[in-house]
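A.B. asks: As a plain string of letters, each chain reads:
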Amino acid sequence: MEKAVHLSTKNGPKVPGEPTKTGTSMVDTAASAVQSFAPINQIHQHLCAFHFYAYDMTRQVEAHHFCGHINEDMRQCLIYDGPDANARLIGLEYIVTEKLFMTLPDDEKKLWHTHEWEVKGGFLFMPGVPEAIQRQDLEKVAKTYGKVYHFWQVDLGHQLPIGLPNIMMAVTRDGQLYPEMIKETEKQFGVSMDKERESRAYMKGPDHGIHPLANGGGKGLTLEVREVDIKPVESVPRVFV
Amino acid sequence: MASSDKIPVACPASSGDGKEPMGDPTKTTTTILDKGTAMMQSMKPIRQMSVHVCSFACYSHDPGRHMEVHIYGHRVNQDFLQCAVYDSNSSKAHLIGIEYIVSEKLFESLSPEEQKLWHSHDYEIQIALLVTPRVPEVVAKPELKNLAKSYGKFWCTWQIDRGDRLPLGVPSLMVSPQDVNLGRIKPELVKKRDEEHGISTEALKPSRDGISGPEKKNLVADYWVRFRKGFALDVVETDMKRTAPFP
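Listed in order, the protein sequences are those of chains A and B. To convert, note that position 137 of the first sequence is 165 in my numbering; the numbers rise steadily by one, no gaps. To convert, note that position 183 of the second sequence is 223 in my numbering; the numbers rise steadily by one, no gaps.
Derived from the structure by calculation, the hints contain no laboratory data. Here the structure is a predicted model, which is why all the values come from computation and not from measurement. Mixed in with the good hints, there may be bad ones.
Taking lysine-lysine and the DSS-like style, the derived pairs with C-alpha atoms no more than 27 Å apart in a straight line are [unchecked claim]: (1) A:K259 to B:K257; (2) A:K148 to A:K137; (3) A:K49 to B:K67.
Here chain A stands alone, though its shape is the one from the complex (with noise of 0.2 Å):
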C-alpha cells in the first residue's frame, strides 16, 4: 500500500497571513457577545471518522465532523481536519436516515454513501463521551447515510482552499484505511478501534441493506467545471421616461 498521505493541523501548513490585528479582532470579541449564533449553537457533537476522495481511496484524510440536527432524520456537520483552535474548515456533510435516503433520484443516490461499516468497525467515534454512551448515538448513526463535500485538499499541502470542491467517500470493508493513519488518530485520542468494534457488533445497518447504488455505486466520481453562458448583463429592457 502507498505510504499515508496523512497531515495533521500540528504539523501542516499555516494559513499564510498576518497575525490578526488587534482593531479587528476586538471588533470580534465586542460583536460575538451581542450577535445571534443560534445555527452555530445547534451544533452539539464531535465525531471523528476518516474519508478518502471519491476518485482516489489512496488519499485519505481524519475528519472532525461537528454536527447539529436539524431534525430526527436528518443532521448537518462542518468538517474540520483537527479538534483544536487552529484546525481548518474543509468540507461539510449531510447525514439522513434510511428512509428520507430513499426518496432521493437514482443520481443522487451515489452521490451519498453508507456509515454501518465506519461505525461498526470502530473508525468513527466521538473524542471524549464514553463508549457505551457514544453507542446510544453511533448506532443510530451506522443505519444512516452521509453526502461529504471537501473544498480544501489540506492532504496535499495546499496552503489555501484552492480548487473544486470534491466528493469525499467513507470506508467501507477492512483494508481500506491505512493501518499507520488509525494507529496515529487512535494514541491521539486514546481510542481502540478493535476493542471497540466487538462491542458495536450488535449494531445494524440500513434496514433495507446497502443500497446498490450509494457509495457513488461502486464507481469513482469527480466534479468539473463547466462554463455557462450568462445571458445578457442589461437584460431588462430600458424604460423610458
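Given chain A, put chain B in place with the hints provided.
C.D. replies: What follows is chain B alone, placed relative to chain A:
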C-alpha cells in the same frame, strides 16, 4: 447526473412545496443525549467563530437568482476567514455552504484560473446590503473596512431558494451582488431581510461612506460581469484508485 445548473429529477425532496426539510421533529431523547454528550466534548474549532454577517449571494450560473445568506466566520488571521453559510440566523437554519474570504494580498497570489472562482465584496458593503445584525456600525467598521477589500469563494451545497427539501446535486459556485442589472438584489428580498432584522439598508448606507474596495481592481474576479460566463459543476464517473475493493 445532478449538475449544479440543472433542475433535479422530480422527487419528494425537489417538490418545492413547504419550507420544512423532510424528516420527523427531533425527539426529546435525542436532544437530551446530544446536550449530554456535548458537555463532555470540547468544540474548539466551532468556538473560534466570532463574526456574523448577513448579505445576499447569487448563483454563478444564473446571477439573477438571489438568496439571503448568513455567514458565520472564524477570522484565522488578518488575511483569511473560514465561514459556514446558513439561510437564516435561527436555530432552524439550514447549512447551505462554505465561504472562504481572503485579503487582496492573498488573492493576488492566486493563479488567474483560481481567481475566476472568486468574487469581490466592496459593492455589497458600500451599499449596506451586507449588514452585521445587532452590532452597531461603529463597532463593525474596522471589520467592514477589511472585508470591503477582500475576495470570497462560496460553494453552495443546498439550493434552498429553489425549494429543495434535501441538499440535492453538486455544489454551486456563488457570486456576489454587483452593480449591474442581474447583480442588483431584488428589492423585495432586501425588504424582507430588513423587516426580519429590524434594520434599514437605506439608513445604513451613509455610514458606509469612505469604505473603499481593493487598491487594485482585479480583472478576473467577478468573472461573469466582464466575460458573461458563469461556472457550473458536473459529476463525472471515473475509475477509482484503490487500496482495496470498493465498496
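A.B. asks: The structure should be examined with respect to each hint, and the outcome stated for every one.
C.D. replies: Right, here's what the structure says about each hint:
no.: 1; hint: A:K259 to B:K257; result: 24 Å, holds
no.: 2; hint: A:K148 to A:K137; result: 22 Å, holds
no.: 3; hint: A:K49 to B:K67; result: 44 Å, violated
When the structure is compared with the earlier hints, a violation turns up for hint 3 alone.
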